[in-house]
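Each chain, letter by letter, is given below.
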Amino acid sequence: MTSFITDIAVWLLVAGGIAFVVHASTQEHYRIAWRQLTRRRFAMVCGGILCLYATIGLLDSIHFEGESETVSLLDRILWKLKTGGEKTYSAPLATHQHSKESLPGADGRVTFDYPKLEHGGAHLEDAASAPGDIVLRILLGVLLGAVLGAAAIGAAVGVQRLRGGPIRTAFWVGGFLAAVCLIVCVVGALAAGYHVFGTDKIGTDVLYRALKSCRTGLIVGTMTTLIVAPFALFFGISAGYFGKRVDDVVQYVYTTLASIPDILLIASVMIIVQAGMTEEATSITAERRLFWLCVILGITGWTEMCRLLRAETLKVRELEYVTAAEAFGAGPMRIMFKHILPNVMHLVLISVVLRFSGLVLFEAVLTYVGIGVDPTTESWGTMINNGRLELSREPMVWWNLFAAFVFMFGLVLAANIFGDAVRDALDPRLRSRLGKEKA
Amino acid sequence: MTAYILRRTLYAIPIILGVNVITFIVFFFVNNPDEVARSSLGRKHATLEAIERWKRERNYHLPYFYNDGWQKEGATEIPASGWIHLPALPAGEARLTVEVPGGTGFAKVTLVCSPEGSIAPGSWAGTPESPPETPEGFSPAATASLILSKRKETLTFTVIHPKGAELRLYVELPKDQARLIVRAQRFEELGPLSRFTQTLFVQKSLKFLIFDFGKSDRNDRSITGEVKERVGPSLSITVPMFLLALLVEITIALFVAYVRGTYADFWTVIACIALMSISIMFYVIFGQWFMGKTLRLLPVSGFDDGAYSAKFVLMPVLLGLASGLGVGVRLYRTFFLEEINRDYVRTARMKGIPDARVLTTHVLKNAMLPIMTGAIVSIPFLLMGTLILESFFAVPGMGSYTIEAIARQDFPIVQAMTFLGSLLYIVALLLTDIAYTLVDPRVRLQ
Numbered sequence: 104m105t106s107f108i109t110d111i112a113v114w115l116l117v118a119g120g121i122a123f124v125v126h127a128s129t130q131e132h133y134r135i136a137w138r139q140l141t142r143r144r145f146a147m148v149c150g151g152i153l154c155l156y157a158t159i160g161l162l163d164s165i166h167f168e169g170e171s172e173t174v175s176l177l178d179r180i181l182w183k184l185k186t187g188g189e190k191t192y193s194a195p196l197a198t199h200q201h202s203k204e205s206l207p208g209a210d211g212r213v214t215f216d217y218p219k220l221e222h223g224g225a226h227l228e229d230a231a232s233a234p235g236d237i238v239l240r241i242l243l244g245v246l247l248g249a250v251l252g253a254a255a256i257g258a259a260v261g262v263q264r265l266r267g268g269p270i271r272t273a274f275w276v277g278g279f280l281a282a283v284c285l286i287v288c289v290v291g292a293l294a295a296g297y298h299v300f301g302t303d304k305i306g307t308d309v310l311y312r313a314l315k316s317c318r319t320g321l322i323v324g325t326m327t328t329l330i331v332a333p334f335a336l337f338f339g340i341s342a343g344y345f346g347k348r349v350d351d352v353v354q355y356v357y358t359t360l361a362s363i364p365d366i367l368l369i370a371s372v373m374i375i376v377q378a379g380m381t382e383e384a385t386s387i388t389a390e391r392r393l394f395w396l397c398v399i400l401g402i403t404g405w406t407e408m409c410r411l412l413r414a415e416t417l418k419v420r421e422l423e424y425v426t427a428a429e430a431f432g433a434g435p436m437r438i439m440f441k442h443i444l445p446n447v448m449h450l451v452l453i454s455v456v457l458r459f460s461g462l463v464l465f466e467a468v469l470t471y472v473g474i475g476v477d478p479t480t481e482s483w484g485t486m487i488n489n490g491r492l493e494l495s496r497e498p499m500v501w502w503n504l505f506a507a508f509v510f511m512f513g514l515v516l517a518a519n520i521f522g523d524a525v526r527d528a529l530d531p532r533l534r535s536r537l538g539k540e541k542a
Numbered sequence: 278m279t280a281y282i283l284r285r286t287l288y289a290i291p292i293i294l295g296v297n298v299i300t301f302i303v304f305f306f307v308n309n310p311d312e313v314a315r316s317s318l319g320r321k322h323a324t325l326e327a328i329e330r331w332k333r334e335r336n337y338h339l340p341y342f343y344n345d346g347w348q349k350e351g352a353t354e355i356p357a358s359g360w361i362h363l364p365a366l367p368a369g370e371a372r373l374t375v376e377v378p379g380g381t382g383f384a385k386v387t388l389v390c391s392p393e394g395s396i397a398p399g400s401w402a403g404t405p406e407s408p409p410e411t412p413e414g415f416s417p418a419a420t421a422s423l424i425l426s427k428r429k430e431t432l433t434f435t436v437i438h439p440k441g442a443e444l445r446l447y448v449e450l451p452k453d454q455a456r457l458i459v460r461a462q463r464f465e466e467l468g469p470l471s472r473f474t475q476t477l478f479v480q481k482s483l484k485f486l487i488f489d490f491g492k493s494d495r496n497d498r499s500i501t502g503e504v505k506e507r508v509g510p511s512l513s514i515t516v517p518m519f520l521l522a523l524l525v526e527i528t529i530a531l532f533v534a535y536v537r538g539t540y541a542d543f544w545t546v547i548a549c550i551a552l553m554s555i556s557i558m559f560y561v562i563f564g565q566w567f568m569g570k571t572l573r574l575l576p577v578s579g580f581d582d583g584a585y586s587a588k589f590v591l592m593p594v595l596l597g598l599a600s601g602l603g604v605g606v607r608l609y610r611t612f613f614l615e616e617i618n619r620d621y622v623r624t625a626r627m628k629g630i631p632d633a634r635v636l637t638t639h640v641l642k643n644a645m646l647p648i649m650t651g652a653i654v655s656i657p658f659l660l661m662g663t664l665i666l667e668s669f670f671a672v673p674g675m676g677s678y679t680i681e682a683i684a685r686q687d688f689p690i691v692q693a694m695t696f697l698g699s700l701l702y703i704v705a706l707l708l709t710d711i712a713y714t715l716v717d718p719r720v721r722l723q
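So the sequences go chain by chain: A and B. First residue of the first sequence: 104, per our numbering; consecutive thereafter. First residue of the second sequence: 278, per our numbering; consecutive thereafter.
For the record, the hints were derived by calculation from the structure and aren't laboratory data. These numbers were taken from a predicted model, which means no experiment stands behind them. One thing to keep in mind: the hints can contain errors.
As the list claims (entries may be wrong) - Reference listing, derived: stretches of chain B covered by chain A, where coverage requires no fewer than 3 residues with Cβ under 8 Å from a Cβ of chain A: (1) 302 to 309; (2) 442 to 449; (3) 681 to 690.
What the hints assert, rightly or not - The calculated lysine-lysine pairs, modelled on DSS-like cross-linking and capped at a C-alpha distance of 30 Å, are: (4) A:K190 with B:K570; (5) B:K484 with B:K570; (6) A:K304 with B:K642; (7) B:K588 with B:K642.
Virtual Cβ for every residue (Gly too), placed ideally from N, Cα, C.
Using the sequences provided together with the hints, build the complete structure.
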C-alpha cells in the first residue's frame, strides 16, 4: 500500500462523513431535513449521480505499488484502458488512426494511409465489419443492463416490501440503479473492444483520463472547504459568542482576507509552492501540490463560512438553553463546543455542497492560468487545457474536450441541483443571504 | 449620516493596511528574495555573486523593516586556500563577514588591508596568533584561529579606510576544498526617517499606497505605467459586458418573475443551472471555434485601437455575457420573488394595478437596491479585467498582464495586482455602503 497525503485526507474525510451520518441519523432535526430532501426526486437522482462519481473517486484513492509505478484500484479495474494506448489521436470507436502515416505494405512498397489501431477494434478480422460489431455490442450491453436493471428494481421493491415503506420510492431507487446498470453495461461492452471517447495526442484512452479526473474534481470540491472548516468553526463561534474585542479581531481578519482577490492570492502562493518543489516531478510531488492547492483554496474561501457561522452564533447565543447552561455554571468552552457547535454544524454542510460546484469549475480556470494541479495530474482542467487548441486542428479533434465537458457538466449540474435541495432542507432562510454574497 | 460615512471610511484604512502587510508577508517571507533571484536567474547560473547582483539591481538588498545603516555591498563565494584576493571595499567604514563552514580541527583566518586603513575584529573574539607573512604593500593584519564545530562560524571584521581598502584574506582550513562565503557591508549614516523608509517594506509594499508600484523584475518597465496603458483595453471589454449583462439578466429575470410558478419559470431556472454548470473555458473555446473559425463572423482574437476594436470586442463580450447569464438570472429572480411577497405589492395589486406594471415599477424599483449592491461590488472586476477572456482573445489589458506575470513568475507585478485588486474591492464596498445610506432611509436612522 502506498499512501499519498491526499489519500489519507480523503479517507479521513470519509470516516468523518460516516461518523456524521451515524450521528445525524439519531438527531430529529437532521431526520426531518432528510425526509424533506427525499421528497425532491430530481435532487435525489442528482445525489445518486454524485454517489457514482464519489465511488469512482474513492476507488481511485486506494493506491498500491504496481510493477513499475504506483497504481490505484481504479487502474486495476480499468487495466485494459490504461495499458491499451495507441500512438496518437484516434476518433471515438475508431479502428484506424486519426492521421495518416507511411506504412510498409506487404509487397514492400510504402503507402501513405491511416494505420490500423493497435487496440481499438483489434479483435476484428476485417475493419469494415466495425459498425455491425458496435451495434452488436450496444445490443449486448443493453440486454445485460436490462437484466441487471430489472434485478435492481426487483431487489429494491423487495426490500421496500419487507420494510413496509412506500413502493413508489422503491421504483425510483431501482429505476435509477437500472439506468446506471444500463449505461455501465453499454459503455463497458464498447470499451472492451474500442476507445469509447477516442484517444488523445499521446494515445491515452480519453475515457480512462476522464474517469481518473473524477478524483481530482471531488478532492478539490470537498476537501477545500472541509480542510479549513475547523478554523472557520473556531473563529466564527468565538467571534459570535465572545463579541467585543474577539469579534473585532476576527471580523478584521476575515474582512481583510476576503478583500484580496482569490485568484491572485492563490497565484502568489501557488507559484511559490511550485518554486519550492524543485525536485523532479513525481506522483508524490503532484499529489502534494494538489493538497496544497486545496489548502490555499480553502484559506481564500473560509471567510464566507466564518461570516455565516458568526452570524448564526450571534442568534443561537441569545437562546434560552444557552442561558440555562450559563446559569448552571458551564464555562465558555463547554458552551461553545457542547451547546452552540451542534446547532451551527449544518452551516458547514451547506457550505460544502454549495461551494462544491464552483470549486470544480474554478479548478479548470486555475489549471489554465498555470497555478492549478500539476500538469501530470489527471483532471478535467488539464484535459481542457491540453485540448483547447484541438478544435482548430485539421481535421478537428473534438473528443478530448467533449469527454471533459460531459464528465464535468454531469458532476457540476448534479452538485448544483443537489446542493440547492440540501440548503433548502437544512436552512431555507439562507437562500437570499447566500445569494447576495455570491454576487 | 456624515458621521456614519466617515466612520466607514476610517474603517477601510486598517483593512487596506492589513492587505498591504499580508501581501508583503506572502511575497517577502513565504517567498524570500533569494529564492526569487535563484529561480529568475535559473538554477544553473545562480551563483552567490549573481544573486547578490540581481538583488542589488532591483533594490532587494535592503533590510525588511529597519535599516541600521549597514548596507549590503555584495557577497562572494571563494575556495579557502592561501591568500585570497577580495573585491575592494568602498571608502569609509565597512564591515566584512566571513562564513567558515563547520568541521573539526583548527582554522586560521587572517585579514590584511592596504596601508592607511585599520582592521578591528568586530563581534568575534578568537585567540590572537602569529600572522602569516604579510604580502607586499599591505599593512599588518587581524588574525585569529578558531576551533571548528559542527555549526558554521561567522567572523566579522570592521575595516576603516579613507580611500577604500584593498583586501587580502588568508585562510587555513583542515579541509582545503571547503568554500567560504564573504559578505561586505558599507556603513552609511542614515537620518531617523530614512532608517524606516530605506527598507523593503516601505520601498516594495507601502509605496503602493501612493500608487507607486515599482518596476517589473524582468524588464525595466514601470508597473504604474503599464497599468495606465492597459486599463483602457480592459474597460472596453468589461464595461459593455457589464452593462449588457445587467440589462439582459434583469429583463429575463423580470419575465421569469412575471410567469412565476409556471413551466416557463421552472425550465428557465433549470436552463440557468445548466448554463452555470459549464466552465467558462468551454464557452470561450467553443465560441472561438464556432463564431471565429466555422462561421468566420468575427476575428478569433486580437485587439485594435479606437473604433476598430469593436469587431474584436464583440465576441469576448458575448461570451462573457453567456457565461454569467445563469448565475445572474437566478440571483435576480430570487430578489424579485422576495419583493413580490411584500405587503406593498399586495396593496398595489389590490388597488387594481396590472401585474406587469406592479413588476416593472414597484418591484423593479425596490429590487434595484440589492442588484445595485452586487453591481457596485463588481467595479474592481471591471478595472482588473477578466483573466480568461483577455488571455484567450489576446487583449492587452490588465487580465492578460496578470496572467503573463504569473506565467513568468514576475512577482512585483503579481504583488501589485493583488494589492490593486484588493484596494478597488475595499473602495467598492465602501461605495456600496454610502450608496445604501443615500438610498435606504432605514440605514440612515441607525
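For this session: Go through the numbered hints given earlier and state which of them the structure violates, listing their numbers in rising order.
Result: 2, 5, 6 and 7
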